[in-house]
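Asker: Given next are the chains, with one letter for each unit.
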Amino acid sequence: MSHIGTSIFNNEPRIRALYAALEHAPVSIRIPPGARDYIIDIEKVIPRGEAGVNISIDAGSGSSARIMVRPDSLPHSCSIDFTLAEGAEILYEAEHLVCAPALLLVTAQVHANAKYVVQERVTAHAFFYSRYKVALSGEGALFTDEMRYSGASAAVLDMERAVHHRAGQTLSHMNARGVARDEAKVLWRGKVRVEKQAKKSSAFQRHDAILAGAGAHIDAAPYLEIFTHDVSCKHSASVTRIPPENLFYLASRGVPFADAHRMLTEGFLSLSHHAS
Amino acid sequence: MNIGEIDRSKYDRSDKAQERYRAGFGVTEDVVREISRQKGEPAWMLNKRLGAYALFSKTPIPTWGPDLSGLHLDEITYFVRPDAAEAKSWEEVPAEIRRTFDRLGIPEAEKNALGGVGAQYDSDIVYHNIKEEWERQGVVFENMDTAVQKYPELVMRYFMTRCVPINDHKFAMLHAAVWSGGTFIYVPSGVKVTLPLQAYFRMNAERGGQFEHTLIIADKNSEVSYIEGCSAPRYMTSALHAGCVEIFVGEGAIVRYSSIENWSLNTYNLNTKRAIVEKNATIEWINGNMGSGTTMLYPASILVGEGARSESLGIAVAGPGQHQDTGSKVVHVSPRTSSVIRAKSISRGGGVASYRGLVRVGRRADNTSSSVVCDALILDGESQSHTYPFIKAENSDSDILHEARTGRIGDDELFYVMSRGFSPEAALKLIVGGFVEEVSKKLPLEYAVEFNRLIELQMEGAVG
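Taken in sequence, the protein lines are chains A and B. Counting from 174, one number per residue, gives the positions in the first sequence under my numbering. Counting from 2, one number per residue, gives the positions in the second sequence under my numbering.
What the hints contain is simulated information worked out from the structure, not anything from laboratory work. In this text the structure is predicted, and so the values were computed from the model without any measurement. We put the CB at the ideal spot given by N, CA and C, even for glycine. Please note that a few of the clues may not be correct.
What the hints assert, rightly or not - Here are the simulated lysine to any residue pairs, SDA-like style, with alpha carbons at most 25 angstroms apart:
1. A:306 / A:379
2. B:443 / B:312
3. B:221 / B:307
4. A:407 / B:220
5. A:364 / B:150
6. B:280 / B:321
7. A:369 / B:415
8. B:132 / B:52
9. A:369 / B:195
10. A:407 / B:376
11. A:373 / B:265
12. A:306 / A:375
13. A:372 / B:425
14. A:407 / B:380
To be verified - So the derived label-pair ranges between C-beta atoms look like this:
15. B:374 / A:306: 49 to 55 angstroms
16. A:268 / B:420: 50 to 56 angstroms
17. A:407 / B:427: 36 to 42 angstroms
18. A:356 / B:417: 52 to 58 angstroms
19. A:403 / B:157: 37 to 43 angstroms
20. A:306 / B:438: 47 to 53 angstroms
Input sequences plus hints: build the corresponding full structure.
Answerer: This is the structure in structure tokens:
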């Protein structure tokens, strides 16, 4: 990838190797129209011992479901394709503990007035590639995303979030926060595209990161592509340190430096209460 | 002034100036040798040109950014010399060329507001003058071609070496091979040039290319403000502007570089501007991009000295048929460096405005801070606005912030202004004027007036 002549680190060979494992038997989950408050634990519906799995989840119109992914429950290569029919609601709660190279590809087709909510937490010590592609294809479709990540030791996190507003009055709200410790390397790519016909849409994209390791490295590229005028789109990105005055405040109350650092990082990575 | 009174013809009209020499279409090694021969350049400069040409020949056109498929490099003339020797008085400039600059208001501005002026017509500088006051203090303000002859040591040391090397990118290679004219400024240590110096670049030849080189060296604790204006007549065929600006800001020095680029819509403006900023020095970039069919321009600051600062303020206006791909780059190399980027854009009538920027904080750059704010206005449903920022952070003791917003002018804002008796068009102009005020108030008065007129001209017909 090139951006005004600056290359960003290339993870393609590793991603290709993980892609190869995706060619395994698919798993299909259907949530009947009108069914409410379904709870699906992914660990219980996918085959054990596979290197990779393809999961498709179809939420019928007016249905609502909570999909849970527990740490270590997914194989190293995984793709999940969501389809949300009109008025469907999905809360996708995922927690990933990455100790070996892993790949996660997620797509979502969100139709009229459907609501797709993601809450994801990633703790990585190895290579992790994740790509979300969300299409807001029906009027009034909504996507909210609260993502938290933490990379330590020699982890490499390559994460991409792409939202495509294809219909009018659609709304997306992405809020990602992360910490890179030790020698961890992070590449965060956000892309919001608002098509000409997506009038009166609103898009918000935010990525905040803390560099907490002398050898850590963060690349952030939050992109906006807007093809019409009757919209409101905002994005922000920051890469900062833990504010020294906050550390000083806790230290002055007798909290050891290391504990103060940990407390502040945990606070930074906590999920917003209004996320869902 | 009503927007109906603004006369675009002063920019778009071509003049029938006599030419002394015109190279054939396309760039070849012979063309490169001929440019160097006609200028009587030393061997090291010819070798630099040939080295760059060899690199250019084997480097593909970049694939990122705006579409450059309409740019046919073999159909452009790379060297056109007007039949005019460099003059120190406007009376000595041939009448037909002088008329062009009179129409653009350059001699008048020189009298009223400037410390020195250079004027380039196609490939050659036709007028150059600096007020005696600055000359006495050792300030050098010269045609770049003359500087190669008069100050070979300085030029050899600074010209396309560590700031913009000849292998930087495809169009820097082309520039290094065929550059002609431009400005050389040297401000000695401790000298503060209180009136701005200005250069105006006019590209008159059809299917022409202009490749002027600007080299500014501000020695320790000096100050200088430099303004560039650019325009070209409108033809049906494509033209290319691939200039290069290199600025060396010495320890404690302050350089303000302002440019108002108003090339005609058939021009591809693929420009390179970069500054190397030493300890406690400051570079200020002010860029207005109103013209050109396609612009790719990202002024860059390399903050190599501790405490160095960079401020970049840019406005891009994309009207029908225009793609303004502009932005700013900052590389923080040393500790305690800081940067601020403010980018504004307006797109209307199907125009595309893109912000493309880079902030890189290196491993040694402790205690640095960077702030980037982009604001984009889209005035109608046919236009586009894109934002492509890139943050590269390698230091855990720094703060980097980026924010951007894109939207339209709110109905309530328009209604508020119209309820005070303004027509819809006047209300729109007033709001847009407020949006760009941050840029215009940083320019000298005469240029701010011209800048505001250009914005008004762009806004013509934007309502209804």
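Asker: Does each hint fit the structure? Answer for all of them.
Answerer: Do the hints match the structure? See the list:
1. A:306 / A:379: The given pair, whose Cα atoms are some 16 angstroms apart, holds under the 25 angstroms limit.
2. B:443 / B:312: Measuring from Cα to Cα gives roughly 12 angstroms; hence the hint holds.
3. B:221 / B:307: holds (14 angstroms)
4. A:407 / B:220: Roughly 41 angstroms separates the two Cα atoms, so the pair is violated.
5. A:364 / B:150: violated (51 angstroms)
6. B:280 / B:321: This hinted pair is violated, its Cα atoms lying about 44 angstroms apart.
7. A:369 / B:415: holds (23 angstroms)
8. B:132 / B:52: violated (38 angstroms)
9. A:369 / B:195: violated (49 angstroms)
10. A:407 / B:376: Satisfied, since the Cα-Cα distance of roughly 9 angstroms is no more than 25 angstroms.
11. A:373 / B:265: Violated, at about 35 angstroms.
12. A:306 / A:375: Given that 25 angstroms is the threshold and the Cα spacing comes to 17 angstroms, the pair holds.
13. A:372 / B:425: holds (22 angstroms)
14. A:407 / B:380: Distance of about 17 angstroms is within 25 angstroms: holds.
15. B:374 / A:306: 49 to 55 angstroms: At roughly 29 angstroms between Cβ atoms, residue 306 of chain A and residue 374 of chain B fall outside 49 to 55 angstroms, so the hint is violated.
16. A:268 / B:420: 50 to 56 angstroms: holds (54 angstroms)
17. A:407 / B:427: 36 to 42 angstroms: violated (29 angstroms)
18. A:356 / B:417: 52 to 58 angstroms: Since the Cβ atoms of residue 356 of chain A and residue 417 of chain B sit about 54 angstroms apart, the hinted range of 52 to 58 angstroms holds.
19. A:403 / B:157: 37 to 43 angstroms: violated (56 angstroms)
20. A:306 / B:438: 47 to 53 angstroms: violated (40 angstroms)
Of the numbered hints stated above, those contradicted by the structure are hints 4, 5, 6, 8, 9, 11, 15, 17, 19, 20, listed in ascending order.
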